[in-house]
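Participant: Chain by chain, the residues run as shown.
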Amino acid sequence: MNWRAVRAIYLFEMARAWRTLLQSVVSPVLSTSLYFVVFGAAIGSRISEIDGVSYGTFIVPGLIMLSVLTQSISNASFGIYFPKFSGTIYELLSAPVSFFEAVLGYVGAAASKSIILGLIILATAGLFVPLHILHPFWMITFLVLTAVTFSLFGFIIGVWADNFEKLQVIPLLVVTPLTFLGGSFYSIDMLPPGWQTIALFNPVVYLISGFRWSFYEISDVSLGVSLALTLSFLALCMVTIWLIFRTGYRLKN
Amino acid sequence: MTRRMPPIISVSHLSKTYGSGLKALNDVNLDIERGEIFALLGPNGAGKTTLISIICGIANPSAGTVSVDGHDNIKDYRAARSMIGLVPQELHTDAFESVWATVSYSRGLFGKPANPAYIEKILRDLSLWDRRDSRIMTLSGGMKRRVMIAKALSHEPQILFLDEPTAGVDVELRKGMWDVVRTLRDSGVTIILTTHYIEEAEEMADRIGVINKGEIILVERKAELIQKLGKKRMTLHLVEPIDVVPASLAEYRLELGENRDELIYNYDSKANHTGITGLLAALRDAGIRFHDLDTTQSSLEEIFVSLVRG
Ligand SMILES: Nc1ncnc2c1ncn2[C@@H]1O[C@H](COP(=O)(O)OP(=O)(O)OP(=O)(O)O)[C@@H](O)[C@H]1O
Ligand SMILES: [Mg+2]
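Chain order of the listed sequences is A and B.
Once you know that position 96 of the first sequence is 96 in our numbering, the rest is easy, because the numbers rise by one and skip nothing.
Once you know that position 236 of the second sequence is 236 in our numbering, the rest is easy, because the numbers rise by one and skip nothing.
Treat the hints with care, as some may be off.
Derived coverage of chain A by chain B (criterion: at least 3 residues anywhere in the stretch with Cβ under 8 angstroms from a Cβ of chain B; other residues may be distant) [unchecked claim]:
| hint | region |
| --- | --- |
| 1 | 12-20 |
| 2 | 93-104 |
Taking lysine-lysine pairs in the DSSO-like style, the calculated list, with each CA pair at most 30 angstroms apart, reads [to be verified]:
| hint | chain 1 | residue 1 | chain 2 | residue 2 |
| --- | --- | --- | --- | --- |
| 3 | B | 121 | B | 144 |
| 4 | B | 213 | A | 84 |
| 5 | B | 232 | B | 213 |
| 6 | B | 144 | B | 112 |
| 7 | B | 175 | B | 232 |
| 8 | A | 84 | B | 144 |
| 9 | A | 84 | B | 222 |
| 10 | B | 23 | A | 84 |
| 11 | B | 144 | B | 175 |
| 12 | B | 112 | A | 84 |
| 13 | A | 166 | A | 84 |
| 14 | B | 222 | B | 232 |
| 15 | B | 23 | B | 213 |
| 16 | B | 75 | B | 23 |
| 17 | B | 231 | B | 175 |
Derived from the structure by calculation, the hints contain no laboratory data.
Bear in mind that the values here come from a model prediction, so they are computed numbers and not experimental data.
Even glycine gets a Cβ: it sits at the ideal position worked out from N, Cα and C.
Construct the entire structure; sequences and hints are all you get.
Facilitator: Laid out in structure tokens, this is it:
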């Protein structure tokens, strides 16, 4: 293992986040605060409690997931796409670095950034609504799993994309709708029965449900199912990465 | 007893067809000797960059193998790549990072422990020390190229590829870079460079390879190449101008200089029979006297052009 290379990539990517602090931290925190003001305070006061927690408190786990998900994807996809775009990828390709080490560096950094971001948003939420976390261990587990899984997913998108449009299209057309419809702002059983069934095909529902359970012990689906589905998606991403590694797809001529 | 060392890079039966169907390399065989400066010449699109990219692991070969100091560059890529530093042709640099950060990053990527003193030395050698904290995007093109050289040297490679290292670098700095290259060679680094400046190859290289349309058409020691293929030109400075070249000298196809006080004779220096003795005798018989003569050798550039055309 070339650990020095993993470390070099990791630190390089973390430094990039530091430089773009405004974009990587300030803007997600700001938009989350806006959600709290609009949904928590203004609209939330007119919505009755859901499963015994106030609406403002109810949406916290979903909002954190929303940011962690989108930031993981955008961080990791940009991290590997940009060197391809600028041509600096030549160095990575000519270095004694295995594909696995590169993934570890890039995905590790992207996941770290979104975990830190998730915790910052959690702290921000604490300023607006009373928070209690019943299962901190599971909360962290879901946070880390989600960050890693979607950073892997983002890495795949970054490798696959050969222009900026492709880089944006999946987050925009697939991920954003799925997260908004994934139960960030409502409990699935608030939906009409037909839509409830459709919602169960949305993987994000399981993530948010599990994450919310770790806070309040309220969930749309059972913890085991949430965990199993999250792990399956993680496994799927890993297999895809492995296939890319086998073929050198879109990294080499 | 002197024994030839095995080549440090051995390319055998290498072919490359790009996805577009274009055959960029066709059965290339090439050995690079340890410690030499090898210049690869060839017109645009000849396949120089493709060859370098495959050796360095940036592109996959369609057929053939590359061995770097005995390590297959695919099966044993870590050992092979650790030895190689690459300065690519295109200016691919980060934009927002500092010079120091990007050069240190390269060293880490190649698995070497941090060594600030060494990085400092490289940056000083390449006249970049004063700009070490500058963001790369604020540097000029020539400076960026030197940053790329610094990155390639950061991990102390034993083999250095320079794909047109001096394109866009001013004359003074180019001389400075040649000095850096020579110093590296003296410290035992093998250097492979491509260039379109023939005088650069002529000045720097120990051996020269010429590639055209994906095929290596010649590999030769520089001196031998110039001698072997070199046409020579002899100029005779006449004591008295003449109006026409006498018919008795027709077989030598002499040219008369502008002021009609010079006779120019072109001959092949590698030929057994250069015709010089005969020419001089014929001149004496024709009563033409000269007070001086000199010979010049054709440059690599002329050789190169005739090779690629031929
Ligand atoms: N990524 C690519 N995809 C398809 N064709 C390519 C690619 N890269 C190079 N080629 C083609 O392969 C041939 C060799 O290109 P290469 O860059 O190796 O030439 P070169 O000798 O380095 O030329 P130059 O002196 O202009 O740098 C050219 O015809 C070029 O168009
Ligand atoms: Mg080239």
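Participant: Determine for every hint whether it applies to the structure shown.
Facilitator: Results of checking the hints against the structure:
no. : hint          : in the structure
1   : 12-20         : holds (count 4)
2   : 93-104        : holds (count 6)
3   : 121/B / 144/B : holds (17 angstroms)
4   : 213/B / 84/A  : holds (27 angstroms)
5   : 232/B / 213/B : holds (29 angstroms)
6   : 144/B / 112/B : holds (23 angstroms)
7   : 175/B / 232/B : holds (29 angstroms)
8   : 84/A / 144/B  : holds (18 angstroms)
9   : 84/A / 222/B  : violated (38 angstroms)
10  : 23/B / 84/A   : holds (24 angstroms)
11  : 144/B / 175/B : holds (17 angstroms)
12  : 112/B / 84/A  : holds (24 angstroms)
13  : 166/A / 84/A  : holds (13 angstroms)
14  : 222/B / 232/B : holds (16 angstroms)
15  : 23/B / 213/B  : holds (9 angstroms)
16  : 75/B / 23/B   : holds (24 angstroms)
17  : 231/B / 175/B : holds (29 angstroms)
Violation of the numbered hints given earlier is confined to hint 9; every other hint is satisfied by the structure.
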